[in-house]
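Undergrad: With chain A's structure known, arrange chain P on it following the hints.
Which chain is which? The protein sequence lines are A and P, in order.
For the first sequence, position 10 (counting from the first letter as 1) is numbered 10 according to my numbering, and the numbering increases by one without interruption.
Just remember that my numbering sits 1000 ahead of the position in the second sequence, which is counted from 1.
Any given hint might turn out to be false.
To be verified - Estimated spans, in silico, between C-beta atoms of each pair:
1) Gly1154/P / Glu271/A: 39 to 49 Å
2) Pro1004/P / Ser237/A: 21 to 31 Å
3) Gln1148/P / Leu85/A: 17 to 27 Å
4) Ala54/A / Val1291/P: 45 to 55 Å
5) Glu235/A / Leu1057/P: 36 to 46 Å
Honestly, the hints are just simulated from the structure, not real lab data.
Cβ coordinates follow ideal geometry from the N, Cα and C atoms, glycine included.
This is what each chain is made of:
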Amino acid sequence: MTVSVQRYLSAGVLTIWGVMLGYFYYSGRVASYLHPAFHIWMGVSGIILVLLAAGMLFLPGTSESSCEPGCEQLHPQQTPVRGALAAIVLVVPLLVAAAVSPDQFGAATVNNRGYIERIDDLPSYTPYAEPALPVADDSQVASTGEENGSYLPKNEAGQIKAQTVDLLYAAEEPTMRADFENKEVELIGQFMPARETNAQGDRFNLVRMFVICCAADARPVAISVQMKKSESIAEMSWVKVTGKASFPVESGRRVPLVIADSVTLCDPPEETFIY
Amino acid sequence: MENPWFTFSFADFSYAFLSVLLEGVPFILIGTLLSGVIDQFLPSRVMVRLLPRNVFLGICLSGSMGLVFPMCECGVVPVIRRLINKGLPVSNAIAYMLAAPIVNPIVLLSTYAAFRGQNAAEFTLLRLGVGYIVAVIVALAVHNLPLQWILRRGVVSEVPSVAQRPRGAGFLFRVGSALRVAVIDFLDVMVFFVLGVAISALFSTSVNQELIMPLALNDWIATFSLMGFAAILSLCSTSDAFIAATLIAFPGVAKLAFLVFGPMFDLKLLFIYSAVFRKRFVAGLAVGLFVLIGLICVRLRVLGL
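Chain A with its partners taken away, still in its complex shape (with noise of 0.2 Å):
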């Protein structure tokens, strides 16, 4: 492969990973993929690969044109071969990917991930203070006394818009409990049939996935809720739920539950995961 054909393929190469990258970061597709933490590092990659091609194309000291007897190692030469099927690996698994990719998870990577249901087993959680008092009646304990602040937003309707992960926080601590328990709630999640813990049928898993720094990593954090009668909805489709909060013991251990009023599909929220 003669330089100039190696130059302007490293170019094209470079050129079309910009594009992608500058196209994921416009579009808003990148906030299905990474932190928001990484966007802007995503989106200033995709521009510095673009400058980079059209230096490669135009800067002295690129070209074998520049070179004087004596320099040709400065410019390694591949074979044709191992040229073409560089940038094949390079661009073909790239395309494919952005082409096919559905922005999030199906129903076969959550359940070989399998769900946090337990508030200790979230990535980064730790108790944020000491537990109070042992009192004999959880439902002595006050609740944050700051639910009718931005603690605890709510609906038009006056439900609370709680997130999957708010309800398994307050499944563990008593003083966030108070602040749920028996209150309207919405929750916008995935649904994912339950296998566990429905002997009656009635219960479907609604599930967000908790990110640390891209998709790859996510996890799927989920609640049960029981609705009053069977829906027949499509797994990780995106679903609202209004209903009561409730936090039953079973099988030795406080889990959160929603007891649902409605169940119906909705579009994903602006932010489909949780950090």
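TA: Chain P alone, transformed into the frame defined by chain A:
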């Protein structure tokens, strides 16, 4: 186990594959741009002059350079490739390469944050200490090996030193040459990165993770199996602690091994290292690190981890 051990979904695979690619590219790009700058603007032999003449002290210093020049495991390989070209002894380069993804302030902070409530300070210091010691031991072991056993053919000679650059080369020419070196390194490393990420994404989406849970029952099995798990998952060293901290069923020594082995050797690194080192050396490095880190971590059981 209710679910089958293997369930492949091409859509899920593509999603995981793409997410790691998008996350990793900026770090590899930083590393390769730095390699271009090193190549064209760092005078030859300056590295040798800066390092202590004593081999042991030189390796120890190289192993701690990550505290000053933090690099992740993806970005560090092109950097050491150019540093070797600039005369840095291979053993020093390997000490930096293995230690920098652990012995750096970002990773220390993330480890501390991830293990809050689980002996965070102890875990962070042990990760730092074991990572550093292993890097120094491996570098010392490598020191007396002939270069042709370690480096791929052409790695040392493919880019000439500053002295070989055409006479009269101006600043713009050097910028162009730096850019060209950066591009070559970027494309070289990315080929291997793509292959490694593909295998890692296949495992992380298709294999039932419940498979690993029975391995937690014995210290030895848990330690070595978590190292294997780290190698397959190919997590970034800045985030792996958050995953390790959730492996509640596993003993502390196994989690420590996961945190030390993963940044030094995993599937994507297997491919990335192959851009610089001979295959036989990469295989030897993998086995050596696996055994050394495993033995050290299991022995640390005496600390009550």
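Undergrad: Compare the structure with each hint and give your call.
TA: Now for the hints, and whether the structure bears them out:
The hinted window of 39 to 49 Å between Gly1154/P and Glu271/A holds, with their beta carbons roughly 47 Å apart. Checked against the given bound of 21 to 31 Å, the beta carbons of Pro1004/P and Ser237/A, roughly 23 Å apart, stay inside it. Between Gln1148/P and Leu85/A, the C-beta spacing of about 26 Å keeps the proposed range 17 to 27 Å intact. Checked against the given bound of 45 to 55 Å, the beta carbons of Ala54/A and Val1291/P, roughly 48 Å apart, stay inside it.
Distance hint check for Glu235/A and Leu1057/P: the Cβ-Cβ separation is about 59 Å, which falls outside the suggested range of 36 to 46 Å.
Violated hint: 5 only; the structure is consistent with all others.
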